[in-house]
Every structure is written in C-alpha cells, then in structure tokens.
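Residue numbers (full-length UniProt numbering), protein chains in the order written: chain L, 1 to 311; chain D, 1 to 311; chain Z, 1 to 256; chain F, 1 to 256.
You may find that some hints are simply not true.
[To be verified] SDA-like, lysine to any residue: derived pairs with alpha carbons at most 25 Å apart:
#1 Z:Lys239 / D:Tyr52
#2 F:Lys26 / L:Glu276
#3 Z:Lys243 / D:Tyr52
#4 D:Lys287 / F:Val19
#5 Z:Lys251 / Z:Arg127
#6 F:Lys71 / D:Tyr288
#7 D:Lys287 / F:Pro193
#8 D:Lys299 / D:Glu276
#9 F:Lys107 / F:Asp206
#10 D:Lys299 / F:Leu73
#11 Z:Lys82 / F:Gln5
#12 L:Lys27 / F:Glu214
#13 F:Lys71 / D:Glu248
#14 F:Lys26 / F:Met1
#15 D:Lys113 / Z:Ser236
It should be emphasised that the hints constitute simulated quantities derived from the structure, not laboratory data.
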Amino acid sequence: MNLNVKLPGLDMKNPILPASGCFGFGKEYAGLYDLNLLGAITIKAATGSARYGNGTPRVAETSAGMLNAIGLQNPGVDQIIENELPFLAGYDTPIIANVAGSTVEEYVEVARKISKHPVIKAIELNISCPNVKEGGVQFGTDPELAKMVTAAVKEVSDVPVYVKLSPNVTDITVIARAVEEGGADGLSLINTLTGMQINLAGRKPLLANKIGGLSGPAVKPVAIRMVYQIRQMTNLPIIGMGGVTTAEDVLEFLLAGASAVAVGTANFQHPFVCSEIIQNLPDVLSKYGFSSVEDAIGKGHEHADTNLSRA
Amino acid sequence: MNLNVKLPGLDMKNPILPASGCFGFGKEYAGLYDLNLLGAITIKAATGSARYGNGTPRVAETSAGMLNAIGLQNPGVDQIIENELPFLAGYDTPIIANVAGSTVEEYVEVARKISKHPVIKAIELNISCPNVKEGGVQFGTDPELAKMVTAAVKEVSDVPVYVKLSPNVTDITVIARAVEEGGADGLSLINTLTGMQINLAGRKPLLANKIGGLSGPAVKPVAIRMVYQIRQMTNLPIIGMGGVTTAEDVLEFLLAGASAVAVGTANFQHPFVCSEIIQNLPDVLSKYGFSSVEDAIGKGHEHADTNLSRA
Amino acid sequence: MIHEQLQIISRKTIAKDTVEMTFHGKMAQEDILPGQFLHLLVGEGSNHMLRRPISIAGVDKQESTITILFKLLGEGTNTLAKAKPGDQLDALGPCGQGYPVDELQMKHALLVGGGIGVPPLYYLAQRLHEKGIQVTIVAGFQNKEQVFYEEAFRELGNYYLATDDGSAGEKGFVTDIIKKEGFDFDQFFTCGPTGMLKAVSTQLEDEEGFISIEQRMGCGIGACFACVVPAPDSESGYKKICKDGPVFRAKEVVLA
Amino acid sequence: MIHEQLQIISRKTIAKDTVEMTFHGKMAQEDILPGQFLHLLVGEGSNHMLRRPISIAGVDKQESTITILFKLLGEGTNTLAKAKPGDQLDALGPCGQGYPVDELQMKHALLVGGGIGVPPLYYLAQRLHEKGIQVTIVAGFQNKEQVFYEEAFRELGNYYLATDDGSAGEKGFVTDIIKKEGFDFDQFFTCGPTGMLKAVSTQLEDEEGFISIEQRMGCGIGACFACVVPAPDSESGYKKICKDGPVFRAKEVVLA
Ligand SMILES: Cc1cc2nc3c(=O)[nH]c(=O)nc-3n(C[C@H](O)[C@H](O)[C@H](O)COP(=O)(O)OP(=O)(O)OC[C@H]3O[C@@H](n4cnc5c(N)ncnc54)[C@H](O)[C@@H]3O)c2cc1C
Ligand SMILES: Cc1cc2nc3c(=O)[nH]c(=O)nc-3n(C[C@H](O)[C@H](O)[C@H](O)COP(=O)(O)OP(=O)(O)OC[C@H]3O[C@@H](n4cnc5c(N)ncnc54)[C@H](O)[C@@H]3O)c2cc1C
Ligand SMILES: Cc1cc2nc3c(=O)[nH]c(=O)nc-3n(C[C@H](O)[C@H](O)[C@H](O)COP(=O)(O)O)c2cc1C
Ligand SMILES: Cc1cc2nc3c(=O)[nH]c(=O)nc-3n(C[C@H](O)[C@H](O)[C@H](O)COP(=O)(O)O)c2cc1C
Ligand code: FES
Ligand code: FES
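Kindly generate the complete structure, drawing on both the sequences and the hints.
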C-alpha cells in the first residue's frame, strides 16, 4: 500500500515521525531499529546557545499521560550542527529541526543557521514550549507575536517552516490564522497542555519547575479537536500529534485532517512504537476502506455541516 | 477525624460533593447509598425553560477519560423546583444549584428563582459549558462578560455564588480575577476541556455534537495546575474538580488550594465512589500527616517561591 | 438494582467473536426480566472510565447464575473476554426495564432478533415458553459463522434463521421471513441493530410490540442524560434508555 | 541493550513490602555489570506511560536468569508485584553503565548500601568475590522488618548491619559504622537514598569510589533529558543518569 505523503520540503515514505524532544537526535533509537523506516524525524529543540534546562525531577507520570518540564535543555545550535547532524546525514529520512528561543532574534539566528544544513528539510518553529520562563510561549498565545516571529523566520529560512502551536489558548484558530498570515508553510500541533502534579508526601509540586507539559493518550481528544477545527479554516498542511500510540490513532489524526502524524510519549512506553505503527498502518487503512494514506487525509469531514472554528 | 469544611453558604460534613451533571438530581444515587453522607450535592444544570440537549451519541470513552455533549438537557428551572427539589429537601446535605443560560437575562432569571428555594444553599454559575452553541461559554472566555454576568447574578441571588470556570482559556487567572471583581463568593473549577473523537468506521466525529467536553483522570493535571495558580492570586474559596477517583486525589486538590472537592466522571465507573472516598479520607489524611481537612487546604504552597499566575 | 462482584464460572466462544459467559452471584435471585442488562466494569485503573451494558441472556435461580453473550467489538469487550473462570467482575444489575412478560396476556409471541441482539430474546423465549405461550423466533445473522443458539431456540418454539449471504438458513433479512411467512401473533418483541429495529417496526406498524434499543451510556442508572431517545408523548419529550428502557413499546419512542 | 519479554519464574516477598523476582531470558547472556538496570513496562494499555527502572540484583548465566528486588512504593511497583510466575514482563536491558568491576585493580572493596539501594550491591559483591577481592558490606535499613539478604551477604564478605531504630544490627546509620570501624579499602561503592549518598561521599571524600544514583526517568535510554545530574567537568555540564550512569565516580557528579 502507498503510504507516501508529500508535504512542503518533506518527501515522506510514510506519515509517521517521532515528535520533538521524545527522540533526542536519533542516536539512541538508531540502536534499536533502522531510522530509514521513519517518514521523517523531528529532533530536540535547538536554541541559540546551550541551555541546561530545569532542575530535576523533570518528569511525572499521570493517568494515561505524563508531565515533563525538561526546559529546552540542548547544546545550542552550533553544537547540534557540529555534533548531532552529521550522524543523521547517514540516513535517507528527512530531518525536521525544532527551533526555539526567547526572542525573535534568537529564533531567527537558530533558524538561519540550522536551515542551511543539508540534512534539515524543514523547520518546526516551537512557539509553544510551556516549560521555560522565556521559552517562547508568549509567541504562541499572542496572535500578533505569532505572526511576527513566523514572518521573521520565514525570511531567513532556507527550508519550509511549520509552526508548532500551543493548545493552551482560548481559540487555536486565531493563532493558526495569524501564523498563516505570517507565511507559515504548515502547522504542527499540539504541543503539551500545561499541568501540575502535587507530591503528597513532599507537600509541593513534584516537578522542580512546578508546572509541566501534559502529553500522552490523555490529551488525544484535545489534539484531534484542534486538528479538526484548523482543517476547517485553512488548507495549510498539518502535522498532527498528541497521544498517538497505535496505527488506529494515526488514522484518527488523518481523518481529522493531519497529513503526517508525530509520536512522542509513546516512544518511552514502547521504544519500537514508531516502527510498529508503520508496520500496522497498511492493515488498519485497508480495514477501514482506504487504499493509501493520501486517501484518508481529511476524510473525517465528509459529513461536516457545521463550522466549528469556535467550539 | 474532623472532615468539616465551612464555605460561604455551605456547612459541609466533609469536602466531598458530586459534580454537576454526573449525579442527576440525586434520586438515582439515593437508591445506592445515603445521600446524607455527602458534604454537599451539585445538581444538574438548570436553564430558564426546558432544553432537550444534543443528539445522540452524547458520550464517548477516551484514555482515562470521557467526552460528553449532553447539551444542558434539563426540564427547566420551574420544573426542577417543582419536581426535583422536594425530594432533596429530605436530606441534611446542602444542595448547590448549577445555573446555566444563553443570555444574562436567563442566568438572572434562573438564579433568582432557584436561590429562593430553601434547599439551595449556593449557586454554581456555569459560564463554562462547552457543549451548546448558546451555552454560556462566551461568558467563560471573555473576562468582561464573565464579570458582568457574575455581578448580575450576585444582585439577585439569595445565596452565595460560586462561578464555575472553563479551562479552555489562555490564562485562567484573568477570568478568575474578573469574576472576583464581579463579586463571586467562590470559584468552582474545572469544567471540561473541549475535545473530539473521530469514529474510524463512520468517518466522522463520534458525538452527534462533534465536539464534547473531556473529563476524568486524564484532565487532573490541568485541573490541579489551575487550582494551584488561582490559589496564588486570590483568597476566594475554591471547589476543585477534574479527574478525582480516590481520597489521594482529593488530598492533591486540597494541597493545591481547593477547600472542597467535586467528583464527576468517577461516579459512572464506580457508583459508590463518593461514599468510598469519604470513608478513606481520614486514613489518607493521617497517612500524610494531617489532622483535619482544614489542616491540608493550600499546604502544597508552603515551599512556593515563584509566582505562577502565568505558566 | 444491586452492585455485586459476580464470579465467572464459565467462558466459551460460541460463534465468531462471540463469547458466552456465566456468573455466579446473589443477583440471580433478583426478579430479572428479559431485556434487562448488566452494567459491567471493564479492566483496572482508569483505562475504562465507562462501564459496558450487556443484556442478560439467561438466569438460573436454582444455580444462582446469570449468563450473558457478547460480541468482541472494541477494547472493552476484548478486555472482558480475557477474564477467566474464577475471576470476579464488578456488575450493576439488573438495570433498566425489561419485557413485561408477566403483565401481557397472549397466546402467541413473535420474537425477532438480529446479531448480538438475539441473546436477550433467548431468555425471553424461555420465560414465555415456561408460561405456555407459543413462541416463534426469527433470527438474522450476517453469515453462518455468526450463528449461535440455533438448537436451543428450536427447543423453545418455531425457529426461522436468515443470513445476509445465505450461508445458513434463508438468504435475506428477518423482514423477508416475516413477510413470506405472514405469522399470526399477539405481540412482537424485537432486538438488534437500529436499522433492523426500524425495518421491523415499520413492517409491523399495525401490530402491538416491544423493541429494545441501544445507545452509548454513561452512568447506566438514569443520572447523566447520555442515553436519551425522543418519546414525543411523554411529559419531557424523551426517555432514558438505561432507566426507562432499554425495552419500550414500539410506538413509544422515535428511532434515530 | 536488548528488548525482551522476560518470563517470570519466581516471585517472593523477602522483607516488608520487598519483592524478589527472577526472570528467565536471553538477556542473561549479555555482559551485565552490577549497577545496570532493567527498564520495565508496567500494566496494560495506557495506565502507565512510563517504564520503571529497577536494578539488576543477580545474574545466573548458566540458568539464564536475572533477579531483581523491588520495594512496593506506588502504583507501578504494586502492579509489578501482581505479575505471577509464568507471566511475561516487557523489559529493556541491561540499561546504563554499571560498576566497572573488571577494570579496577584492587584488593579490598567497601560496599555501602541503604534500603532498596542494597540489591545491586549484592550482585556487585558476588562479582567481586568471584575475582578474589575482599569485600566489606555495610547495609543500612529503617528497621528489622526491612532487612533482606543478610545471610547471603555474610557468605561473600564481612557484613555490618545498621538500622535506624536498632531493631537489627547496630542502632544508627551506615556512616556511624564506617566511622567506628575505620575500614581500610581501595575503592568504595555506594547505592541508596540521596541523603545517604551525600553523607557517605562527604565522609569518604578523600577516597576513590563510585555512587549509583536515582532519578525519575522518561525514555531510560538517553533520548529525553529527563534524568540529568550536574557534572561540572564534563563538556556539557551534566550527565544522563540512564545512559552515562546510574553509576558514576563519586567526584564526577553533584548530588542535588
Ligand atoms: C442495553 C444494552 C444491551 C446490550 N446488550 C449487549 C449484549 O447482550 N451483547 C453484546 O455483545 N452487546 C450488547 N450491547 C452492546 C455493547 O454494550 C457494546 O458492544 C459494547 O459496549 C462495546 O464495547 P467495546 O469497548 O468493545 O467497544 P468500543 O467501541 O471500544 O466502546 C467504546 C464506547 O462505546 C460504547 N459502545 C460501543 N458500541 C455500543 C453499543 N452498540 N451500544 C452501547 N454502547 C456502545 C461502549 O460501551 C464504550 O463506552 C448492549 C448495549 C446496550 C445499550
Ligand atoms: C537506576 C535506578 C535503579 C533503581 N533500582 C531499584 C531497585 O533495584 N529496587 C527498587 O525497589 N527500586 C529501584 N529504583 C527505584 C524505582 O524505580 C522506583 O521505586 C519505582 O519507579 C517507583 O514506581 P512506583 O510506580 O511504585 O511509584 P510512583 O511514585 O507511583 O511512581 C511514579 C513515577 O515516579 C517514578 N519514581 C518514583 N520513585 C522513583 C525513584 N526512587 N527513582 C526513580 N523513579 C522513581 C516512577 O518510575 C514513575 O515514573 C531504581 C531507580 C533507578 C533510577
Ligand atoms: C519529554 C518531552 C520533551 C519534549 N520536548 C519538546 C521540544 O523540545 N520541542 C517541542 O516542540 N515539543 C516537545 N515536546 C512535545 C512533543 O513534541 C509533543 O508535541 C507532545 O508531547 C504531544 O505528543 P505525545 O502525546 O505523542 O507525546 C516534548 C514532549 C515530551 C514528553
Ligand atoms: C456527563 C457529564 C455532564 C456534565 N454536566 C455538567 C453540567 O450540567 N454543568 C456543569 O457545570 N458541569 C457539568 N459537567 C462537568 C462536571 O461537573 C465536571 O466539572 C467535570 O466533569 C470535571 O470533573 P470529573 O473529571 O470528575 O468528571 C458534566 C460532566 C459530565 C461528564
Ligand atoms: S446512561 Fe446515564 S442517564 Fe442513561
Ligand atoms: S530517561 Fe530519558 S534521557 Fe534519561
């Protein structure tokens, strides 16, 4: 079965890619299976200079999900280019660079540098990290700022730009519209919902950062809703994510309107999950009457008769 | 152990109350256990006249949660007063009326009427129902409207008013501040997150209303985060809820800053859950070193050193 | 309605993806009407926040057992099927209103079932048969592999079988058999997929009868308003399937 | 590191809330160092999205078995404890870096363990003992009920026991015993709660040694940056416990 999908900058063998921050820079998972199997790979966020991130604990388990507050720890864009990207050049899989920053200048600097590297086929502009005081989440919640940073990055990027949206907003379609106006080539959603767990014995928030980002199956209904709503208002391609653990979940995102589907938290539970999903996807597609991935994209809207841009 | 809590209008034997919409008007659960055990009871939303609600299916199961789109089905405030409240008068448990509407006038009318009934000890002003086109969610997402409807209802209500907030906003503290300015006696949170499930075989959203409200353990981290954030900015008492299934969950909400804790979805999984939680609560409190419920409220903030009004 | 940990005493696959499970429990001593259901907790922890409604397909008061039949459909029924004899299942039951077998005066009953709607009709057939009422059963399945309880039904009355592909019984739908045979009966009782219920109740529009309907449920006890069905003549305009149903007089409710 | 469904062959409660579990699997044929851990999947479905790291407490290459010991702490370990002989557990392992037993030249090793930090030291003591190295073990527990492997350790070296309340061994902490006895050793190896690790590494600041540390983990394989610990001299300023550890040279990392 034809699993190919073609998105701006990304010629994918299949619609499955690991989500940023859940796959490092690929090396660890390369020891488990062949990364050439993947449709694409999104690497961990890059910032202008090295960041050490938040204190520990940085993760907590929740019902059908987890909280994380890694805090954009990364060695900085130059080190990433020097030490991490060469390894990925050995694979025939498009690499997406997740770009973060505290200021427009930082976003622009990182995007300019990393987009010039030949393995990078697209940028995922992370305006939605909830885990750092200056992590760019203000850019993800204010439509004017979102548009501005998108336009600034588009100007310097050599590759298409997917803007990764935060679900922690009153109306996600407003932000989607703004980044579309800023020139985004695609959208990526959702990043994590902000949440907290309190340690009963310690009598304080469990994460050192107190607040963290909620991901995993728990958030899938929110993600599906947002992909569906955005699909009704724009034709920009969507990389959907949030709680995917099975090929059935992938089909649900495709029906909602995603053209590619990222897998994050599930990699921790089942390190082989991306390869397993890719293996199961043809059967699941044909079970539900589809003859290719393209065939399924957006098909959950056929009977749609209401405008849901506002729930 | 002393489980009492005293909140405006509510003299509660313990901090546990069923959440609105998950306990009908009490009759069904009265067949299972003695409602006098409960700290309070929140009844199903009342509107000005009868509402038939949305089409079916109205519920869907999700990972560690569920979606509902009942759509405020209820017989209308007059019928509720006539047919439902008399039964509850037989119990020595304060009743909270959940008040909904499409217009300020409707909220005011319902609140005026129902607050005069002797069994009603407080109003929960529902400005956060995501499941009806005109369900008042605009009042829950716009701070000006939130303040206005709160003030209008306060003016006519004979009992204290708790405003029930929607989690589907960029910054919940802004809405909390607004309703505090409007004169709210307390806050109630969270209502459901908006979500969707797509039926793979049907190739369309499973719920007839397409979008529904996500509840259950999946959303608890979001609820805890919001209670904690709001506790840092106001002293208004908080009725916390979202995903409670155990006495440990109740303690987590108390530590976050809630003074009472409502249980919704868990009633469907375990119809006796409220009575079981009340039974287990003393042991859980003493296990973690607390000698009463009052003793635990807000204690998750002891070490707090950062202002989290904005995540 | 009571709440009980029912003990599984047998589990059998009796047709394709169809499991018959028998429990031991005090609940069997309740007055259980055909058409009533169990609301079953599935799995552990918070994997399944909603219970699963499954009809009661048989009650043995003497042995204090209850039997259900269910089809493996999604995660819930697949998890249920993994429970083994000796395990306990958390059940609420008997839930809802069943077929009023004791109140109806009749000589001849027509039972029409489709697929996994057939099991409650088996218990109904037993109860009617016990009362000396003549029973005709028309059962429809997709194909031969899905058929169950054929022999058991034959012992209780006249049994007609239809399959969509003709691989067992007659090729066609239950309505084809009803049309062809032109049965003479006092009351009909039907349970099955909504499409079939509509076809049958349209076909038998001039007769008296009962239908049993399904809907996704929350509480299962009448508190959450998840499972309503329009009922134009009732005061409120709707009925709750879990509490006022799942069995209704055919003309009482409007099928979606 | 491999991924395998390990088959449980025994499960025993060996002290208060402390379970010993032995698995059969090919993984036992890997070169496993003491201090390495298994990253175990817990429960079914999405109840537990994160695996649980548990140290390897024993390996029998001949029988192809691996033994772990764990304390019932929260939901995950309680669910693990319900798995029965015959069941399979999904494991990644051996994970991380262990104590470099083969690289170290030494005559006398001091092993200091606290509570559920003791198990990996048992496997370490075995390996050192096999190599003819003299082993001294100092084990600390809260009280008598928590103590395990006392006899087993005595067979491998000099064993000192401390409990907080004096209900077994000496009353006090492991550091009290170290102070009192003034052991002579080439390397120390310690594993236990962070408070104990800090006390021991401060006390033995002038000695060479290794510590094994715990932190909440995501991936367990080095990809998610959940489990970092400050390591001022390293290029990046931190190390990953799951991949660069859990065993570190005592002076390499800064305990929180
Ligand atoms: C009164 C009543 C009696 C029933 N009796 C039987 C019976 O005797 N044997 C049998 O096999 N099935 C019966 N059903 C249908 C049975 O409840 C569903 O097949 C079952 O809930 C599916 O669960 P699942 O997890 O396998 O499927 P999933 O599709 O994964 O379930 C997801 C959710 O949808 C609900 N759901 C899915 N299909 C149905 C349905 N048809 N009706 C109600 N809820 C549904 C589930 O309960 C669950 O909440 C009955 C339903 C009702 C309402
Ligand atoms: C390298 C390493 C080796 C370990 N070896 C052992 C051992 O041999 N025996 C043993 O009993 N315990 C060991 N632990 C601790 C063990 O991992 C935790 O006790 C266990 O994860 C608790 O899970 P839970 O679900 O019961 O507790 P919960 O508190 O419900 O767990 C919630 C989450 O926190 C994590 N967590 C809680 N406590 C710890 C902790 N101390 N360390 C790491 N994560 C934690 C859990 O993994 C889970 O993700 C080890 C930890 C590490 C990092
Ligand atoms: C441990 C962890 C680290 C993450 N780091 C990043 C990151 O660096 N950049 C980013 O855009 N998203 C990051 N995310 C968010 C994921 O890419 C993804 O959007 C989210 O987790 C939802 O998908 P999931 O439910 O499949 O995990 C991270 C998520 C987790 C769990
Ligand atoms: C079936 C259902 C119906 C609900 N109806 C109402 C309602 O009428 N009014 C209201 O304020 N909240 C309503 N809610 C929201 C709950 O009161 C509660 O805020 C939410 O479900 C979170 O709590 P939980 O996770 O414990 O269910 C409803 C929730 C469910 C699941
Ligand atoms: S399922 Fe709750 S009212 Fe019927
Ligand atoms: S747990 Fe993921 S890097 Fe260590």
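Q: Please name the hints from earlier in the document that this structure breaks, with their numbers sorted from lowest to highest.
A: none
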